[in-house]
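S.K.: These protein sequence lines map, in sequence, to chains A, B, C and D. According to this note's numbering, the first sequence is numbered sequentially starting from 9. According to this note's numbering, the second sequence is numbered sequentially starting from 9. According to this note's numbering, the third sequence is numbered sequentially starting from 9. According to this note's numbering, the fourth sequence is numbered sequentially starting from 9.
It is possible that part of the hints are untrue.
If several chains are the same, the list does not tell them apart, and a pair holds so long as it fits within one copy or across any two.
As the list claims (entries may be wrong) - Lysine to aspartate or glutamate pairs mimicking EDC-like chemistry, simulated, CA-CA at most 20 Å apart: (1) LYS207 to GLU152; (2) LYS37 to ASP27; (3) LYS301 to ASP27; (4) LYS301 to ASP213.
These are calculated hints, taken from the structure and not from any lab test.
Number of protein chains: 4
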Amino acid sequence: MSLRFGVVGTGAIGREHIDRITNKLSGGKVVAVTDVNQDSALQTVEQYNLDAVIYPDDVALIADNNVDVVVVTSWGPAHEATVLAAVEAGKYVFCEKPLATTADGCMRIVEAEMKQGKKLVQVGFMRRYDSGYVQLKEAIDQGEIGQPLMVRAVHRNPEVGENYVTEMAVVDTLIHEIDALHWLVNDDYKSVQVVFPRKTKYAHDKVQDPQLFMIETNSGIVMNVEVFVNCKYGYDIQCEVIGEDGVAYLPEFPSVVTRKNGKLSSGILQDWKYRFMDAYDVEIQDFIDSIGKKGEPQGPTSWDGYIAAVTADACVKAQKTGEKEAIRLQEKPVFYSKDTVCETV
Amino acid sequence: MSLRFGVVGTGAIGREHIDRITNKLSGGKVVAVTDVNQDSALQTVEQYNLDAVIYPDDVALIADNNVDVVVVTSWGPAHEATVLAAVEAGKYVFCEKPLATTADGCMRIVEAEMKQGKKLVQVGFMRRYDSGYVQLKEAIDQGEIGQPLMVRAVHRNPEVGENYVTEMAVVDTLIHEIDALHWLVNDDYKSVQVVFPRKTKYAHDKVQDPQLFMIETNSGIVMNVEVFVNCKYGYDIQCEVIGEDGVAYLPEFPSVVTRKNGKLSSGILQDWKYRFMDAYDVEIQDFIDSIGKKGEPQGPTSWDGYIAAVTADACVKAQKTGEKEAIRLQEKPVFYSKDTVCETV
Amino acid sequence: MSLRFGVVGTGAIGREHIDRITNKLSGGKVVAVTDVNQDSALQTVEQYNLDAVIYPDDVALIADNNVDVVVVTSWGPAHEATVLAAVEAGKYVFCEKPLATTADGCMRIVEAEMKQGKKLVQVGFMRRYDSGYVQLKEAIDQGEIGQPLMVRAVHRNPEVGENYVTEMAVVDTLIHEIDALHWLVNDDYKSVQVVFPRKTKYAHDKVQDPQLFMIETNSGIVMNVEVFVNCKYGYDIQCEVIGEDGVAYLPEFPSVVTRKNGKLSSGILQDWKYRFMDAYDVEIQDFIDSIGKKGEPQGPTSWDGYIAAVTADACVKAQKTGEKEAIRLQEKPVFYSKDTVCETV
Amino acid sequence: MSLRFGVVGTGAIGREHIDRITNKLSGGKVVAVTDVNQDSALQTVEQYNLDAVIYPDDVALIADNNVDVVVVTSWGPAHEATVLAAVEAGKYVFCEKPLATTADGCMRIVEAEMKQGKKLVQVGFMRRYDSGYVQLKEAIDQGEIGQPLMVRAVHRNPEVGENYVTEMAVVDTLIHEIDALHWLVNDDYKSVQVVFPRKTKYAHDKVQDPQLFMIETNSGIVMNVEVFVNCKYGYDIQCEVIGEDGVAYLPEFPSVVTRKNGKLSSGILQDWKYRFMDAYDVEIQDFIDSIGKKGEPQGPTSWDGYIAAVTADACVKAQKTGEKEAIRLQEKPVFYSKDTVCETV
Ligand SMILES: [Mg+2]
Ligand SMILES: [Mg+2]
Ligand SMILES: [Mg+2]
Ligand SMILES: [Mg+2]
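Please construct the entire structure, taking both the sequences and the accompanying hints into account.
M.R.: Written as structure tokens, this is what we have:
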């Protein structure tokens with residue numbers, strides 16, 4: 009009765025998903041694992057005391073009839089091939105971002121999935137499962153602030169390592185806003201322009217930091233999104249939607265408030281891991297429950313993975329040109345037309 | 009490998025626990041149920057599609073060798089007998105409040121448990137598992153505000169029914185603060201005085217509302233606790249600890265903030281069910297995990313149940329006399345001396 | 009056309025009033041000063057470059073036909089005699105607290121004033137002119153929260169000197185709440201009880217700190233007022249009124265908000281002088297304008313001074329007895345029956 | 009000893025300044041007035057019971073030897089001529105915005121003032137005297153948030169009339185941010201780009217609303233300023249400065265907080281008049297005091313008026329072209345090089 013998971017990629021995020029499926033959530037179990045590093049796969053099975061087969065590669069794992077769902081947590085460039093193979097085998101897929109490293113790769117998955125006649129794939133954009141975002145979307149969808157006109161979003165990290173270069177502000181950081189914001193306002197992106205403000209002295213040589221992305225949607229909503237990955241003070245995700253009748257804000261992450269040393273303060277997270285901890289749990293539980301109850305996942309689709317890829321490409325181009333760059337999506341297939349709604353509260 | 013639960017009492021709270029054990033949490037399953045209303049037990053098994061035996065009564069359920077844990081969610085006056093029987097059978101017990109309706113009853117359970125030589129019982133005081141309370145306790149325990157001197161707590165409901173009488177302010181409402189506050193400041197209660205402010209016009213004839221409880225601890229901390237169950241505006245739990253070096257507050261329940269119609273606002277819950285929803289999940293998962301990993305539950309003990317009963321008795325007496333009433337606890341057995349700590353964040 | 013002030017007492021507060029009358033406000037000028045320390049009087053005239061006569065004592069100053077208003081900023085025990093003399097001479101009086109050091113003394117002033125047939129005296133309770141209190145009173149008076157049932161007030165100082173003893177928590181500190189709270193809810197006090205929580209380690213030997221005052225009004229409103237004068241973290245005045253339909257709070261003193269070093273913070277004042285700076289200005293300007301436009305001051309009256317004295321006496325007694333002490337006011341003369349309303353916004 | 013004011017223009021803002029000089033502040037008096045509508049001038053003298061000469065025009069008023077200061081509160085197109093005449097006569101000038109309607113006009117005033125050898129003119133940009141802005145600037149100048157990198161500002165009105173057209177978003181609304189923001193970060197503007205988001209349904213045909221201005225400074229600070237004049241919900245001024253070490257926010261306008269009807273709320277002003285009421289008072293008092301103590305005003309200079317004019321021109325051009333437009337200021341004369349600092353707290 010439990011959904012049987014095969015996990016491709018037993019690095020940090022892979023192990024976290026294994027842990028939550030095994031020890032925190034209901035209705036799933038891990039029955040197979042693989043990793044390009046077989047030692048890692050072996051250690052993982054031992055660490056979580058799994059009753060799971062260790063496969064030499066994704067192809068073998070996918071071929072296991074006991075595997076209902078393939079979790080793709082390998083490194084990004086490997087995603088496309090694994091997802092395609094799993095979809096072609098008719099298996100459900102939970103794929104961490106990116107769905108594929110290119111828009112064309114995403115489109116190949118979209119087409120493979122449509123060929124199977126039902127939704128099989130969910131992409132790991134967990135923000136849609138964060139209780140704050142869910143509340144914010146609800147407020148918008150219920151007309152609390154009227155038609156959205158502008159969005160302001162902020163994605164700040166205290167600092168990043170030497171290997172974090174300018175493009176990663178899009179591919180690793182902004183990518184979460186890219187998925188969340190079009191979902192939030194039920195619209196599609198049209199163009200993006202990037203501006204580089206004065207660079208913080210805390211940024212390494214190879215990264216422009218902060219960066220400002222101005223994204224326009226088809227209906228004319230203007231989104232100003234700040235990425236600032238050496239902001240020093242904490243991990244801070246903000247989102248504010250300005251509508252015709254009012255403004256709605258993503259709640260601050262809850263924290264004890266103190267009066268101390270001349271300050272009335274609440275804490276700001278330092279470590280991004282805590283910010284969406286609950287969202288990850290809700291995300292995977294919803295994935296399990298939706299397959300169980302409706303036969304298909306209800307979360308971010310392959311099409312959402314495609315949107316993210318096309319948009320990210322335009323954002324990277326805009327980083328380079330300094331010009332307003334078009335975001336050109338193919339027409340949305342009817343197959344994906346029913347917006348998947350996260351009903352979780 | 010799963011912990012096998014037998015549930016005594018399939019009313020609302022019993023079914024909720026069954027639902028979370030079955031569909032939301034990991035490591036437990038419901039294998040037996042009973043209820044004085046056998047139809048209710050039967051319906052529950054069907055509703056949740058349980059593979060569970062329906063027993064005619066608690067004695068039969070406890071006798072089932074497949075039952076590892078007895079969940080006591082029957083009506084209050086029945087708790088003591090069921091808990092005692094389960095403890096004497098060496099079974100784990102998760103008992104919703106009250107542990108017993110009298111202090112003597114609680115003491116009988118305490119003694120029975122000590123005779124078994126290990127902690128078997130956890131009382132369902134879920135606030136200790138609320139992330140806000142956990143953060144607040146952490147701040148206090150880490151010395152953020154120095155030695156606590158005063159506490160101010162507020163327990164407000166929008167309204168209550170005709171059957172809610174003055175005593176219930178203690179037994180049904182304040183009881184949660186009674187458990188949470190001594191845990192929060194690591195102290196024991198010494199006395200209580202009750203004051204009735206001007207009564208709200210929204211209260212029924214038979215209930216004094218609001219009520220103010222002034223509770224003193226052994227070390228001299230003074231706690232002012234307001235119970236106001238017809239406050240109209242929402243369900244609102246506040247807690248503030250004033251220490252030698254600062255003040256710490258329980259976080260507000262997170263909510264979207266809006267600017268609209270001349271107001272900068274966040275929402276206040278109307279329904280108490282949402283306030284501690286997550287805490288219930290964490291509570292039961294911790295109960296399962298603690299038994300699995302440490303062989304005994306780590307949450308509120310029988311002794312905490314006894315403290316609650318003695319304190320509630322004094323509060324009810326103080327409602328009647330208007331005087332300062334002593335809260336006289338027996339000496340704490342060494343058996344319970346290691347404070348159980350909720351390590352969950 | 010300017011109101012001509014004679015100032016009795018040229019200490020710190022006296023000089024501040026001279027400064028604001030001379031350099032900040034409109035419609036008044038200082039024409040006479042006196043002080044038991046004549047050097048101080050002389051220095052003051054020089055410091056503010058006043059065109060003012062220096063008198064040997066209050067009697068001589070009051071006798072000056074050029075003096076319209078006597079400002080009483082001498083030390084407390086001297087207030088009564090100066091105020092009485094000024095009132096008997098038909099002069100307006102602005103008297104810093106206390107109006108007199110005894111309730112009987114206040115009553116003598118009340119009677120002298122009534123004999124003059126019009127209000128001459130205003131007592132320096134400046135909180136009624138603080139924009140936050142004014143807003144709070146407006147909200148209450150307009151029925152925003154319905155009938156008040158409870159009040160919670162907090163008066164915290166970072167620290168006090170060795171000379172601050174237990175009684176001063178009433179006479180110097182609580183006295184401001186005593187005036188403000190009955191005005192806020194339009195009610196009279198009935199009784200008071202004092203509780204001493206665990207004492208902070210930061211308090212000197214001779215002072216009990218913190219202290220909790222529980223004051224009841226005639227209509228049954230219960231006010232919990234905390235005085236905590238070694239709270240370390242700042243100067244903090246809080247006031248919260250709980251009504252039948254909602255709760256209203258005194259606004260926090262406005263401050264820049266920052267996100268920095270893992271904290272979202274706003275500042276708390278360290279120095280009480282800044283908290284009511286504007287209120288002092290508004291207070292004296294209103295005093296000048298009211299005399300100009302209506303022929304009598306509109307602020308706190310001699311009767312309010314009497315209420316403060318009687319209430320403070322009961323609070324000091326309650327500090328000593330630990331019992332609930334009655335607050336027994338004489339019947340309010342019709343002369344004072346029209347509540348003076350601060351219309352300033 | 010009082011500074012003697014002659015007021016040119018007795019409309020609403022002129023009368024307000026007359027009222028504050030006469031009835032609220034210290035050290036000034038109105039001795040002369042004029043208006044193109046002589047009835048208005050006459051009514052004003054009567055309304056405020058002024059002992060003032062009514063002149064037929066500004067030239068005659070300026071010629072009066074009793075006039076020390078000329079207040080220019082006529083309509084905008086008349087400002088330049090009056091200011092020039094007053095400066096050439098060696099009189100102090102307090103001129104409401106705009107200093108002149110063209111950059112060239114402002115430059116003529118700058119040159120005339122330099123010829124007089126001392127600062128005579130202050131422009132009525134009152135935000136620099138708002139306690140919130142003063143606190144914010146202090147935090148920045150003291151290095152609280154390190155070097156500023158980005159600014160986000162919001163200027164929202166509930167609604168505007170039919171006569172409010174697109175350009176007025178710059179000339180009447182943004183103009184206050186134009187002055188305040190360069191002062192706040194001690195920098196000069198370099199370019200501006202304007203984006204029009206989806207238009208609110210509440211805006212009239214002739215106005216684009218909202219508008220987003222992206223302004224860059226010489227040092228690379230990027231300022232995103234939103235003007236939204238039909239936001240419906242209130243009058244709302246926000247300003248947030250993002251620096252290398254943290255973020256600082258302009259305080260919200262203080263308001264009573266309530267818990268009521270399921271909302272925790274504070275009020276947002278509806279009427280802009282209340283937002284900077286105190287700032288106007290502080291502004292004029294500082295103008296009077298600075299002339300008295302230092303012989304010249306300390307507030308916004310003619311050069312600030314010139315900066316505002318040049319920047320506004322570029323913003324209006326950018327509204328039309330949709331392109332990034334340069335903001336080209338002449339080199340700052342040494343005469344204005346000492347930044348005037350508002351020391352008022
Ligand atoms: Mg993810
Ligand atoms: Mg419970
Ligand atoms: Mg005073
Ligand atoms: Mg102005």
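S.K.: Confirm or reject each hint.
M.R.: Checked hints:
| no. | hint | in the structure |
| --- | --- | --- |
| 1 | LYS207 to GLU152 | between (37 Å within a copy, 18 Å between copies) |
| 2 | LYS37 to ASP27 | both (10 Å within a copy, 19 Å between copies) |
| 3 | LYS301 to ASP27 | between (23 Å within a copy, 15 Å between copies) |
| 4 | LYS301 to ASP213 | neither (51 Å within a copy, 48 Å between copies) |
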